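A.B. asks: The chain contents come next:
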Amino acid sequence: MQVPRYWREQSERYKLVGSKCNNCGLRVFPRRSLCPDCRHESQGQMEEVRFEGTGELVTWTRVHEALSDRELETPYLMGIVELDEGPRVTAQIVDLDPEEVEIGMELESRFRKLGEASESGVVHYGYKFGPVVSD
Amino acid sequence: MPATDPAIAEVSCLRYGEHEETARELAVDASLDVLEEAGLEGDELDSLFVANAFGMADKQGHVGPLISTAIGAPNVPSSTTEAACASASVAFRHAIAHVRAGMAETALVVGTEKVSHIDTMTATSYFCYGSDYFLEGGVGATFPGLYAAIARAHMDEFGTSEEDMARVAVKNHANGIHNPTAHFQKEIEIGDVLDSYEVAAPLKLYDACPFSDGAAAAIVTTEEKARAMTDTPVTVEASTQRGTIAALSEREDVTEIEGTQLAGQAAFEQAGVSADEVDLFEVHDCFTIAELVAMEDLGLAEPGKAAAMVREGQTKPDGDVPVNASGGLKSKGHPVGATGMGQIYEAVEQLRGEAEGPRQVDGAERVLTHNVGATGGTVTVNILGRGD
Ligand SMILES: CC(C)(COP(=O)(O)OP(=O)(O)OC[C@H]1O[C@@H](n2cnc3c(N)ncnc32)[C@H](O)[C@@H]1OP(=O)(O)O)[C@@H](O)C(=O)NCCC(=O)NCCS
Ligand SMILES: [Zn+2]
Chain A
1 MQVPRYWREQ SERYKLVGSK CNNCGLRVFP RRSLCPDCRH ESQGQMEEVR
51 FEGTGELVTW TRVHEALSDR ELETPYLMGI VELDEGPRVT AQIVDLDPEE
101 VEIGMELESR FRKLGEASES GVVHYGYKFG PVVSD
Chain X
136 MPATDPAIAE VSCLRYGEHE ETARELAVDA SLDVLEEAGL EGDELDSLFV
186 ANAFGMADKQ GHVGPLISTA IGAPNVPSST TEAACASASV AFRHAIAHVR
236 AGMAETALVV GTEKVSHIDT MTATSYFCYG SDYFLEGGVG ATFPGLYAAI
286 ARAHMDEFGT SEEDMARVAV KNHANGIHNP TAHFQKEIEI GDVLDSYEVA
336 APLKLYDACP FSDGAAAAIV TTEEKARAMT DTPVTVEAST QRGTIAALSE
386 REDVTEIEGT QLAGQAAFEQ AGVSADEVDL FEVHDCFTIA ELVAMEDLGL
436 AEPGKAAAMV REGQTKPDGD VPVNASGGLK SKGHPVGATG MGQIYEAVEQ
486 LRGEAEGPRQ VDGAERVLTH NVGATGGTVT VNILGRGD
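For the protein sequence lines, the chains are A and X, in the order given. In terms of my numbering, the numbers along the first sequence are unbroken and rise by one, the last being 135. In terms of my numbering, the numbers along the second sequence are unbroken and rise by one, the last being 523.
This is chain A alone, in the form it adopts within the complex (with noise of 0.2 Å):
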């Protein structure tokens, strides 16, 4: 396997790009060729959108043992969140602290390092979430 072509396809995969079917609505994350509910029925209907990144938190808690793959600074907040969209994706909390944390609380995307490759040395991209700030 060619490493940096590999890098590259999952740093595709670290935007918040996932697909809507356009038979029944439903959006989905990451992208899918199929929707889950109309399976073969939503052949060809499947259009990739972009995630507005304003959600809500479904859980979180703060990890000190990293893993060894990414250069991440611990300890560090994680969570599960609600997209407005409808699906949900597991991402860094930035920008807060532990005490500031609360479950239902709304976050927004934002795009960060993820951290370097250690092996490849490939900075990586992806989304993290934040307190919002925009109006």
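Some clues are possibly wrong.
As the list claims (entries may be wrong) - Each computed DSBU-like pair below joins lysine-lysine, with the alpha-carbon atoms no more than 35 Å apart: (1) X:194 - A:113; (2) A:15 - X:194; (3) X:440 - X:360; (4) X:321 - X:194; (5) X:451 - X:440; (6) X:321 - X:440.
Read the hints as simulated data drawn from the structure, not as lab findings. Owing to the predicted nature of the structure, the values given are computational and were not obtained by experimental measurement.
With chain A's structure known, arrange chain X with the ligands on it following the hints.
C.D. replies: What follows is chain X with the ligands alone, placed relative to chain A:
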């Protein structure tokens, strides 16, 4: 075609903890132990099933033939199963299926793991490969992190407290003291858990299972053959496996594991028994919260009510619903690829009345084992009974 009922003739388990040996050597030791117990030579086997999750940590794949060669069975068909933390119980099911189908009369299943030679960060990374890596591990969601997310949601939904989780650790450590195969033989108190360092909030060191090395094995054969090998065979009344959507974020409810609910229901149906008729539950408590969720998913408690049973002492070995008399993953340890076989080892010890001290559940006739791969992508349940 009449199905052949499979049974367990013998089991073996090396002590969990830190070992000098490689995963392959540990598997060979456990295999030779169980062959000796059963009075078998390696070449009398019809099949060898190996379970291992982190073989690549030893820079060695394809371990089946290495193990079969070392136990004097180089020509016996071998295969290796990887299903994260449920690897061993899935391998066990392969053996069950082979015996049932008549493809093998006598099979050896061995689960093995060796992680103590790699540092915590590297081990944490290997574990992440068992999650949906793009959606979870890749954004920093480690396994302690994912179970912490489950714990936080459970606390929010049901009012479960950190003390509630701590009590699971205290009970399991108390049981582990009496288990010579346990990684930890150390009594702890609630305060020790609450004061231990945070691993992934709200989970702390003593809410987590350790990284253990270890191996465990069993001889699975027809009931008839098992009876010829031992006076105390153990019957397999049910063996089921179900899945759950791999990534937590894609599930509607993160306070339950659907695969456990489904595998549990199917197992009770297969065995034709209810939970009341099971004397001991060995469940997958990789983190304290996981024991509470498993009890609820298996129907031992209503959602959110397992903590009360632990508080009242009902889940101790002498309680109404004993859970993890072995010490569980928390205290017995979690050598990933061996864990499911270690649970089966405990079940057999208990059914034979051979568990040490107060860990023995009086007159145990039926034991359920529950093994989870990752956060429930794979779940297996076995119900084992006395065959004598
Ligand atoms: C909890 C965890 C982070 C601890 O790792 P660590 O901080 O590197 O701890 P160390 O290995 O340095 O051990 C420090 C001490 O704590 C003890 N210890 C380690 N893990 C322990 C645990 N889970 N419970 C109790 N004691 C533990 C060690 O024996 C050691 O004791 P010592 O100082 O007396 O020798 C690590 O064990 C872990 O990540 N466990 C979870 C594994 C996992 O995710 N499994 C998959 C489940 S799905
Ligand atoms: Zn659809």
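A.B. asks: Taking the hints in turn, state whether each one holds.
C.D. replies: Hint-by-hint comparison with the structure:
1. X:194 - A:113: 31 Å, holds
2. A:15 - X:194: With a Cα-Cα distance of about 34 Å, the restraint between residue 15 of chain A and residue 194 of chain X holds, given a limit of 35 Å.
3. X:440 - X:360: This hinted pair is violated, its Cα atoms lying about 43 Å apart.
4. X:321 - X:194: 33 Å, holds
5. X:451 - X:440: 16 Å, holds
6. X:321 - X:440: 28 Å, holds
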